[in-house]
Amino acid sequence: MTLSLQLEELKPANSEASAIRSTMEKFKIQTEKLNAWFGNNHVLKDLSINVKENEVTAIIGPSGCGKSTFIRCLNRMHELVPGARSSGAVLLDNANVYARGIDPVTVRRKVGMVFQKPNPFPTMSVYDNVAAGLKLNGVRDHQKLDRAVKWSLERAFLWDEVRTNLDKSGASLSGGQQQRLCIARALAVEPEVILMDEPCSALDPIATAKIEELIASLKSQYTVVIVTHNMQQAARVSDSTAFLYLGQLIEYGGTTQLFENPKEELTERYLTGKFG
Amino acid sequence: MFPLASILFEVVRNGLPAISVGFLTNPTGNITDPGSGIGNAIEGTLILIGMTCLIAVPIGLFAGIYLAEFGDNKFGRTIRFLNDVLAEFPSIVIGILAFSIVVITIGHFSAIAGAAALSIIMLPIVTRTTEESIKLVPSSIRDAAMALGIRRWRTSLSIVLVTAKDGILTGIMLSIARISGETAPLLLTVLGSGFFFSGVDQPIDALPLRIFTDYKNSNYPSALAQGWGAALVLVVLVLSLNLGVRFLTRGRSTFARARA
Amino acid sequence: MARLMDIGLEKLRNMVLDMAKLSEDTVSTAINAYVQGKDLRDRVYGWSEELRILQDEVSELAIELIARYQPVATDLRFIKSCMEVAYGFSRFGRYAHDISDVEGIFGDLSTCDKTAIVKAGDQAKDMIRVSIKAFTERDIQLASKLKTMDDVVDSAYLEFVKKSARNPGGDLRCTVSATLILRYLERIADHATYVGETVLYIVSGERVARK
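Chains Z, W and F are the protein sequences, given in the same order.
Read in my numbering, the first sequence has 27 at position 17, and its numbers run on one by one without any break.
Read in my numbering, the second sequence has 321 at position 220, and its numbers run on one by one without any break.
Read in my numbering, the third sequence has 1377 at position 153, and its numbers run on one by one without any break.
Simulated from the structure, these hints should not be mistaken for laboratory data.
Each residue gets a CB set at the ideal place from its N, CA and C atoms; glycine is no exception.
Take these hints with a grain of salt, some might be off.
[To be verified] Below, in silico cross-link-like pairs of lysine-lysine (DSSO-like), each with a Cα-Cα straight-line distance of 30 angstroms or less:
1. F:K1357 - Z:K284
2. W:K266 - Z:K160
3. Z:K273 - F:K1357
4. Z:K273 - F:K1369
5. Z:K145 - W:K317
6. Z:K127 - W:K266
7. W:K266 - Z:K145
8. F:K1235 - Z:K273
9. F:K1304 - Z:K273
10. Z:K127 - W:K236
11. F:K1371 - Z:K273
12. F:K1304 - Z:K284
13. W:K317 - Z:K178
[To be verified] Covered stretches of chain W (in silico footprint by chain Z; criterion: 3 or more residues with CB under 8 angstroms from a CB of chain Z, positions within the stretch not fixed):
14. 246 to 252
15. 263 to 270
The whole structure should be built from the sequences, with the hints applied where relevant.
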């Protein structure tokens, strides 16, 4: 089913149709001249990227180009690092998340994140892990929690594997299962955007394939931004791709077009492996 | 290994004959009384441990959490340094301090003075182990919680602290084992007594004190036997605390066990 | 720094260039045989068969490169183009084969007026040469010339057909054989323009709309 979904996306749109489409499509996130620093190290330079709603957008680029820093600016996690700062605007549904008076916690509830190494809370059970976001934000109703946990685990393609063992420690699952658990945990707080920082780099190919299927199924309901150093993965799962190099946006476009016929020389060199 | 084995052997050999139910529950009273036991010493040690924990654990936890979460500045570094100094302080000097502050004020030796001295000894250990246990919690756990939109303080309490609890508990239990055997400060603060607990502002007995007193009276054979018995009980107490730590951290990841 | 895939790409390129040379020779031989009335069918048939085999090999290698290296961008476009161009060269061989067939079917054609075919044939041979050069050097300018050259062959074919329709009569054998050959030359010219179009695709990713 998911393969035909992706083939649907691969149909070449002639330029007229896609121009009309893009003005009609909504942008879920728009960054305007986003800059970020770690101390005096200028890591992101004037990034202006528009992420379309209900699409998977991949951020690719060589190590150190600022991909992870970029998405951490989208949910205001960047500022948690001592000495880190940023400037510029990040618009979520046309509202700047960095505006004065905006509580970063509310941003993070709308914009969830999944990390490179699966990090379930080690002292908690599967159930408690998924419910953590809700419980620790004040939800007490047990039925509501039960429903939320079941729904999230189903959505993350993990329910069938853990339904009889919800009390087992989160850390006792396999790597791929742990990562799906982390995704379920993020889904439970009902975000609108899901950020993924190289979610499959610690996983084997089969677990990776499961997660990629999951990502494809998520985009109907959420907007997904995925950072990956694996170009083939970006080519497989994403609808749009942004190529970053040394903190700057080099090229951004539809995945098929970018991988078949990139406009920039630098993009071409990176994609064909000609980087030094 | 060998010194430990030989100590254990001697203590068991000499102390075991003295053990009996009466021995463990009767007060000492007069050392020459026939039913003289170490019940009050055991009770005293337990009460002192309880009082010390009541004082040192909350302060130590608080300080440890503060240092781990917010201690990356000059103030934090100073506190940490002073903490380390205090941890290495000679316990008899701490005893003198407690004597001059508490005993003089109250007018006589008391349990509370002993607890004061012991808590000064316990506090830096709890602080240090709490801080280190919290620091051992991987930042990825913290990141995951923050990314879920959980507030900073909630994250520290419900996620980080809970994850670190094994390490913290270990630290507390090991510091209890340490203070159960402290003798010097007790000499200057609680005096010891032949009777059961009679109030926090009254003198109290404790196992190490009992051992010392029995040594002083060792020309009485019953005192000598009693001393060995008390030593055995003390060793059993300390060993079981250590074994308890082992048991608690069985099968856990290394960061719970690294605290030792 | 050479990539793993570069060895495969080099091999692919060489195979395609070999096919190019062979197809050029095959077509030239077939046309010259007709014009000069020689019987070189065996040679042409042999080369045409070889071209077909080479086209299969190019296809195989292209698929292998795609499966193993997951090429993107220019590499991907190049591989795809090689497959298309190899097909074009094998068609040259096929049409040369067909031209030689005409001789076999009609026998002695020495009395026929071959001027139209000589003209169209020379143009077709030139177009093959230009398309190969454009492909080898990825020269878009050269490739764009092929469109106009194609028109010459197209009009030669149409002219002849119209003329024959208006003035039926004369040796039917000459008329039919010449029509067939001009038709084959027209197809050869078309395929040569397709080769030119792939050059544009490799260099810029643009596709020319097929008429």
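Status of the hints after comparison with the structure:
1. F:K1357 - Z:K284: holds (26 angstroms)
2. W:K266 - Z:K160: holds (29 angstroms)
3. Z:K273 - F:K1357: holds (26 angstroms)
4. Z:K273 - F:K1369: holds (26 angstroms)
5. Z:K145 - W:K317: Violated, at about 60 angstroms.
6. Z:K127 - W:K266: holds (23 angstroms)
7. W:K266 - Z:K145: holds (20 angstroms)
8. F:K1235 - Z:K273: Since the Cα atoms of F:K1235 and Z:K273 sit roughly 27 angstroms apart, the hinted pair holds (cutoff 30 angstroms).
9. F:K1304 - Z:K273: holds (19 angstroms)
10. Z:K127 - W:K236: Between Z:K127 and W:K236 the Cα gap is close to 19 angstroms, so the pair holds against 30 angstroms.
11. F:K1371 - Z:K273: With a Cα-Cα distance of about 26 angstroms, the restraint between F:K1371 and Z:K273 holds, given a limit of 30 angstroms.
12. F:K1304 - Z:K284: holds (20 angstroms)
13. W:K317 - Z:K178: Not OK: W:K317 and Z:K178 at ~57 angstroms, beyond 30 angstroms, violated.
14. 246 to 252: It holds, with 7 qualifying residues against the three required.
15. 263 to 270: Our answer is that it holds, as 3 residues pass the Cβ test (under 8 angstroms) against chain Z, meeting three.
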